[in-house]
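Undergrad: All chains should be built: construct the whole structure from the sequences, respecting the hints.
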Amino acid sequence: MDHAGILEHLDEYRDGELPPELAAEVARHLEACPDCRAALEERAALAGSLSRLARAEPSEAFVRGVMERLRPAAQPSPAGWVMPSLAAGFAVAAVFVVLGLSGTSGESGAAVSDLLNAGDSEAAETFQVIESAGVLTHDQVLGTLVEEES
Amino acid sequence: MTSDISVTDVKCQALILLARAREGDEDAFAGLVRLHEVNVRRLAAGLLMDPAEAEDAAQEVFVRAWRSLGRFRGDSSFSTWLHRIAVNHCRDLLRARARRRWLSWDGLVEALGGREPAEAAGPADEATRGAEARDELNRLLGGLPPDHRAVLVLRELNGMSYAEIGETLGRSTDSVRALLRRAREAARHFSRPESV
Chain A
138 MDHAGILEHL DEYRDGELPP ELAAEVARHL EACPDCRAAL EERAALAGSL SRLARAEPSE
198 AFVRGVMERL RPAAQPSPAG WVMPSLAAGF AVAAVFVVLG LSGTSGESGA AVSDLLNAGD
258 SEAAETFQVI ESAGVLTHDQ VLGTLVEEES
Chain B
273 MTSDISVTDV KCQALILLAR AREGDEDAFA GLVRLHEVNV RRLAAGLLMD PAEAEDAAQE
333 VFVRAWRSLG RFRGDSSFST WLHRIAVNHC RDLLRARARR RWLSWDGLVE ALGGREPAEA
393 AGPADEATRG AEARDELNRL LGGLPPDHRA VLVLRELNGM SYAEIGETLG RSTDSVRALL
453 RRAREAARHF SRPESV
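Chains as they are written, first to last, in the numbering used here: chain A, 138 to 287; chain B, 273 to 468.
Check each hint, because a few of them may be wrong.
The calculated SDA-like cross-link candidates involving lysine to any residue, where the alpha carbons are at most 25 angstroms apart (straight line), are [claimed, not checked]:
| id | chain 1 | residue 1 | chain 2 | residue 2 |
| --- | --- | --- | --- | --- |
| 1 | B | Lys283 | A | Glu145 |
| 2 | B | Lys283 | B | Arg372 |
| 3 | B | Lys283 | A | Gly153 |
| 4 | B | Lys283 | A | His146 |
| 5 | B | Lys283 | A | Ala181 |
| 6 | B | Lys283 | B | Ser349 |
| 7 | B | Lys283 | A | Glu197 |
It should be emphasised that the hints constitute simulated quantities derived from the structure, not laboratory data.
TA: Here is the structure:
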């Protein structure tokens, strides 16, 4: 192999990616050729610069950061976004428990009326919104209520 | 001989951690993160050239790996699989960044100056200008396209073989060889003082 051919293969020689016979030929040439040795050193210097400049130390803070991101609390599930009204539904159910309204009515209108009579217009409005959105039916709210009470 | 035993031990330990992590053991997964975090962070830093974004991206790589562990079939090594997730995620971020820059005033100015959007992803931002080492790294890598930066980091910093790089980047070994040659030539050009 001529001088230019050796230069062409210097990087692969450094990387250990040449077939053994070719690597041996490059090694023999390097022993006799100061120009190619200098070229090899230039290649090693570039690799050394990259290693020095891109140095990264092991970081336990990084590991902790990853593990925190794995936890469900740090990654709200889709249900967490879809169901705020469900949470509101449970809040209304809680209002029912507090006001002792379970079994007072089988109809949402009566339940709303009871809430209004109890002076809780906000809870009554929330209840209506939930029912109209179809997120929780009146029976579901009462079902939750029964579970809460039992 | 001692070093062989040590390497074997580490590989066995990694396999045990992987098996436990696949069963949902978070502590085992933390062990895998410790084994691979330096390489993944270095790759993200080399590709994104933005330290803060790179740290966040590297964390996201592990989160994605955790979520996809059930789909890891062992066709390649875990390390190669992880690097592939990292490269794909960083490519997505670079594309998003290029789109943002293209739509921004800076992007317009650069376009008028004849620079390619891919090049616009390289230079240091305001936050990195103070660090001498980062400036130097930017000088070496910042002007290179992302695939050149990726192949240099995978080979020179993370010590991957051409075959492993090929698996990571979805290229043949010959293609990696050619890409690495072009990347090194370009990096050597930027490393010369007269190129500054």
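Undergrad: Now tell me, hint by hint, if it's right for this structure.
TA: Quick rundown of the hints versus the structure:
1. Using a Cα cut-off of 25 angstroms, the hinted pair Lys283 of chain B and Glu145 of chain A is violated, with the two alpha carbons roughly 35 angstroms apart.
2. Annotation: proposed proximity of Lys283 of chain B to Arg372 of chain B is violated, straight-line Cα distance about 42 angstroms (limit 25 angstroms).
3. Between Lys283 of chain B and Gly153 of chain A the CA atoms are separated by roughly 22 angstroms; this keeps the pair inside 25 angstroms, and the hint holds.
4. For a cut-off of 25 angstroms, the pair hint linking Lys283 of chain B to His146 of chain A is broken: about 32 angstroms separates their Cα positions.
5. Distance restraint check for Lys283 of chain B and Ala181 of chain A: the Cα-Cα separation of roughly 29 angstroms exceeds the 25 angstroms cut-off, and the hinted pair is therefore not satisfied.
6. Using a Cα cut-off of 25 angstroms, the hinted pair Lys283 of chain B and Ser349 of chain B holds, with the two alpha carbons roughly 11 angstroms apart.
7. With a C-alpha separation of about 21 angstroms, the suggested pair Lys283 of chain B and Glu197 of chain A falls inside the 25 angstroms cut-off, and the hint holds.
Hint check: violations occur at hints 1, 2, 4, 5; the rest are consistent with the structure.
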